[in-house]
Amino acid sequence: GAVVSQHPSWVICKSGTSVKIECRSLDFQATTMFWYRQFPKQSLMLMATSNEGSKATYEQGVEKDKFLINHASLTLSTLTVTSAHPEDSSFYICSARDRQLNTEAFFGQGTRLTVV
Amino acid sequence: DAKTTQPPSMDCAEGRAANLPCNHSTISGNEYVYWYRQIHSQGPQYIIHGLKNNETNEMASLIITEDRKSSTLILPHATLRDTAVYYCIVRVWGNQGGKLIFGQGTELSVKP
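As you go down the protein sequences, you meet chains V and S in turn. First residue of the first sequence? That's 1065 in our numbering, and the numbers climb one at a time after it. First residue of the second sequence? That's 14 in our numbering, and the numbers climb one at a time after it.
Treat the hints as calculated values from the structure; they're not laboratory data. All clues given are correct.
Residues on chain S that point at chain V, a partial pick, calculated with CB under 8 Å:
no. : residue
1   : Y47
2   : H62
3   : G116
Under the rule of at most 25 Å between Cα atoms (straight-line distance), these lysine-lysine pairs were calculated in the PhoX-like manner:
no. : chain 1 : residue 1 : chain 2 : residue 2
4   : S       : K65       : S       : K82
5   : V       : K1084     : S       : K112
6   : S       : K112      : V       : K1130
7   : V       : K1105     : S       : K112
8   : V       : K1119     : V       : K1130
9   : V       : K1130     : V       : K1084
10  : S       : K112      : S       : K82
11  : S       : K65       : S       : K16
12  : V       : K1119     : S       : K112
13  : V       : K1105     : S       : K16
14  : V       : K1078     : V       : K1130
15  : S       : K82       : S       : K16
16  : V       : K1105     : S       : K124
17  : S       : K112      : V       : K1128
Think of the CB as a built atom: it goes at the ideal place given N, C-alpha and C, for glycine as much as any other residue.
Only chain V is shown next, with the shape it has when bound in the complex (with noise of 0.2 Å):
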């Protein structure tokens, strides 16, 4: 199936300071992206959705200043986490679709974060 990378793979990150996670499809273009996040034995919440060249569209009670998603080609999108927080420490997860087959997504391995 289609390869999802997600970079990296786990953060360390003091309180206050920003992080970024990068999602690519590595052999094929998706239009769309979504981005979940998952707590200690909780299903994936979905945050937003990603769209290439537009704004992303977020789920409701997800802050969008909080939470920067920047599709800005056909195979990267960016999850960017401002003033992180502790409680934002989580298992962050994005998924693509390639848009020319219009097939199931596919998810990358996930991002673990922890804010100190």
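Dock chain S against chain V, hints included.
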């Protein structure tokens, strides 16, 4: 997209078939049933999807009832590596803007 209901957990003996049920009684005519699984601390992995006919691939089989209100994912010969949380999701096919909304899933434990 329609909601789904799954049992929170199930056990299965290694080598036996694992049958994971999913209820989606409010599914509409143009919604497909998707199954994903998530092994601990990894991103979800696509397994299979279908509309109304039964489907089979190298990983699993998907049985959808005639009224489409429920389905069963079958892992024919479960191994310890199949231990994961399995998610049943319904969504409209071909919708580029369509998002996958995850429920709580079923935590499958395959035991020796």
